[in-house]
Structures are given as structure tokens and as C-alpha cells.
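A.B. asks: For reference, the chains in residue letters:
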Amino acid sequence: MKRIYMDNNATTAVRPEVFDAMLPFYREQFGNPSSVHWAGRAVSGAVEKAREQVAKLINCSPAEIVFISCGSEGDNMSLKGTVDALRDKGDHIITTTVEHPAVLETCKALEKQGVRVTYLPVDHNGMLNLAELEAAITDKTILISVMWANNETGNLYPIEEIGAIARKYKVRFHTDAVQAVGKVPVDVQKANVDLLVISGHKLGAPKGVGAIYIRRGTRLTPFMHGGHQERNRRAGTHNVAGIVGLGVACELSGAHLDAEATRIRVLRDRLEQGILERVPEIKLNGHPDPNLRLPNTLNVSFAYIEGESLLLNFDMKGIAASSGSACTSGSLEPSHVMGAMCVDVVLAHSSTRFSLGTDNTEEDVDYVLEVLPPIVQRLREMSPLYNRAEPLSCEECQVIRKIH
Amino acid sequence: MYSDKVMDHFSNPRNVGEIENADGVGEVGNASCGDIMKIFLKVEDNVIKDIKFKTFGCGAAIATSSMVTEMAIGKTLDEALELTNAAVAEALDGLPAQKMHCSNLAADALHEAIKNYKDNHSA
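Chains as they are written, first to last, in the working numbering: chain A, 324 to 727; chain B, 133 to 255.
These are computed hints drawn from the structure, not numbers from a lab.
Keep in mind that a hint or two might mislead.
What the simulated footprint calls covered on chain B by chain A, stretch by stretch (three residues with Cβ under 8 Å from a Cβ of chain A suffice, anywhere in the stretch; the number is not a length) [said to hold, decoys possible]:
hint, segment
1, 141 to 155
2, 160 to 166
3, 186 to 199
Predicted, not measured: the structure shown is a model, and the values here were computed from it.
C-beta atoms are modelled at their ideal positions from N, C-alpha and C, and glycine is treated no differently.
Construct the complete structure from the given sequences, taking the supplied hints into account.
C.D. replies: And the structure:
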């Protein structure tokens, strides 16, 4: 069976060049980079080379890069480390309602410790009102945390403008950039960010490695205490092979960024237009202007049907995508991002994300366009919400109203 | 995550559709938690002669709907009322823990349809 992977915002395959570069660091060059002997010396250079490769991609100094285990660690470290380090300055954080759980749940945990958090709402396109952000800043605000790009909708946030606001009020600015780095240009100088989080497995490096950019002079209490690794900013023996992989993945992404973004953008637009033309009664989730979304992401809801049953049907045809449905999240609530955008709850249950990657081709897109309409139609014909003869209940009416 | 039986009933659901002039109709569920099930009955001499369903919901919701219709057809109303959610889940070789509520819904929809039939025919 054909296998088409369109869930690259969830994770990506390790790129072959990355895999090859990592292999020697498991057997031949197994040393601990903190050791002074031959085995350690052989690998410490590799870690530093990777640091330069990561720094180059986001335009910072290698000394400002700290290697970590994943995006969630970076977000926890940024928020908790800032709260602890800036306790004397204030106790207020500003973030958004559409952040990844790594930020939202960390904020909730901090609230239990007395930190005040403002969660900025988004409009129905999922965008922020920057005047509201500016108005939320008080003399107790110690951190603004806004993601660079949203994982579900692909929406790109105006990071440079937010950075300028943060700079104006001298408030620290953290951005969870795990979905952006490697997909769109990310320049920490232009954006005026102080803390930026990268996850390896979103850009062709393996799972279990990431990096955080910490602007020079940013006081941050370590999240992981222990040895002197990473200049006392993050304890723990280096994941050498993973770090080497992350470096190579960053170099590859940087070298092909514009060309690859353009190529994937063409495929995503073809998929988006194709679905809009072939399937009636659907809703695009996220900003309608594709330029304001990641070039690889499309999120669409199909009225009258539920997301998990759609995904299972795709899966039977070899297509891997993801859903904002409650049934795929292990809770009874659909996606908080759809909720924040006031997407009707039934449409939120059918929100389906296609996130394309380097391996996708035009043929893949055409295959999806061929198999998707009959699947949607079959599920609709099974749905008690579709083509009802009798009057609809209030709850069901809501769905229909949102569509028309 | 799902058993082969669940996937079988999900990909080839039995008794999908509606019955015109059904003798009993039951609809349960809630759009906000993502499941709505509707069951239609044709009853003769207190026996379920025909049964159809329509479901908005996840894989488990569709599979349990399909299974409950298969289990109920040919049964007397009283026998059908004794069908439990646990029996439906068991007939499907089990459901993941977080999906057990789907089997509750399927049995509930059947029971609602029988209740509706009894209400219509009590006079």
C-alpha cells in the first residue's frame, strides 16, 4: 500500500545525511565530551561544531546556544527559570490561549505558585491583537511568551513586532519556535527575542534533542541542576549523537530553506485548493491568507463528521494526518486552539491537519485529493447530522450556522 | 489501539442508514463530546425485525453502533433491553479504556429507541 506521511508538525523522519553523521558517535566516538582524555577530546569538537551550525541558522553566537532534550524542556526552562531569576522584578507573565501545552501547562503550574498569567485571546482566524498585548504589560510583567508558529493551524505570529514591544517595555521575550525553525527564516536579532526554543525532531534530527537560544546577559535559573555542562546552564551528559544530528539538520535546513519552503508551499496550496474545490461544506482553520501560515500546514474541518473516524479512514489508505478531535487527544474536549478561535465544537471535532514535509511530492497530494472526497462523503452519509429531514436541535443548528 | 473486530465493524459497518416510518427512534449523545448516535427500529410481534443506525463519532462510536444493531436484530424487545454496554464492548473484543463511554452510548441509543417504540405503542 502507498504510504503518505503528512504529519510533519508531529514529527519528521531523520534525514539520511543526519543519520549518517550521527552513527560514528555511538561506537567509534563514544566519549563523554566533558572528559579530558582521548575519548572525550574526540567528541567535544563535534558538539561545538553542532553549536555553530545551530547558531548560524537562527543568527546568534554559538555561546548563546544550550543543548537540551526537547521542546518541552526548553519551554519549561524559559518560563520557570525566568520566574525564579526575576522574582525580585515581578510576577506577571503574558502568553496566548493558543500556545503548545508545554507553555500553557507550565503557566498553570506557575499560577499555583502565585505567578499571575494573562492569556491573550485570538480572533476567529487565530491571530493576536497586539494592542491588547501592549495593554496587558504592567510594571510587574517579567515575560512575554508567544509561539513563532502554531502547531495546529500553522499561523505565523508577528514575532518582530512583539519583539519590538517587549524591547520598548524592557520585558523579556520567549518564543516557542519548534514549528518555525527549519520551515521559515528565523533570525533572533531581527526578532528581538531573548529565549527561543528549537526541537530537533521537527526538522529532520532525531527525537530527544533540542536547543534553546539564551540571549547573552539573560539571567535564567537552570532547570536541570548537576554537572558543569553547557557552562552551568544545563546539567546532564551531552546527547552527543543527537546534538551532532541537530547540527547537521540545522545546516541542511538553512542551505535549502527558501527553495524547500517554496516547493512545499506549492504542494500545500495545491492540496488546499483541491480540497476546497472538491469537498463542499468545509472550513479552513487558521489565517485565510496562506502567507500568514507556515508553508507546509493546512488545517480544515469537514462538517457533520468526526476527526478520528476520518483519520482511521485515511490510515486505511496509507495517509498519515492528525486531528483536533477529542478522540485523538485522550480527553473529551476538542483542541484548545480550535476553542480559542471559537470554531464551533462539532467542526473542531473534525479539524484535520495536513503538515507536509521534504519527502512529499505532487503525486502524494493528488493521491490525497483522489481518496479524500469519497471518504468524507461516506462518513457524512453515516452521520445523523447530515441531510436531516426533521428540524435540527439547537446544538446541531449551531454547526450549520457556522458553515453557511 | 483498536481490536481487529472494532476495525472490521468500523470499516464495514452493518445496518447503516435510516428506516422510513420507523416504529421507534432513539437518539443519544452530545455534539460537544463528539458522539451522536441515532437508532431506528422496525418491530413486529415484539421482535426487532429491522434496525438501522446513523452515527457521528469516532471509530469506537461507529463500531459499537454497528455491533449493537447486529446483536439486537431478531431479539425480543425485552431481550434487547438486557443488552449492556459491557456486552457490546466484549463482543468487539474490548475497547480502549478511554473509549468505553462509546459503548455506553450504543446501548443507550438502542434502549432509547425501544422506549420510544413502547411510548408510541402503549395505548
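A.B. asks: Hint by hint, work out which the structure violates, then give me just those numbers in ascending order.
C.D. replies: The structure breaks none of the hints.
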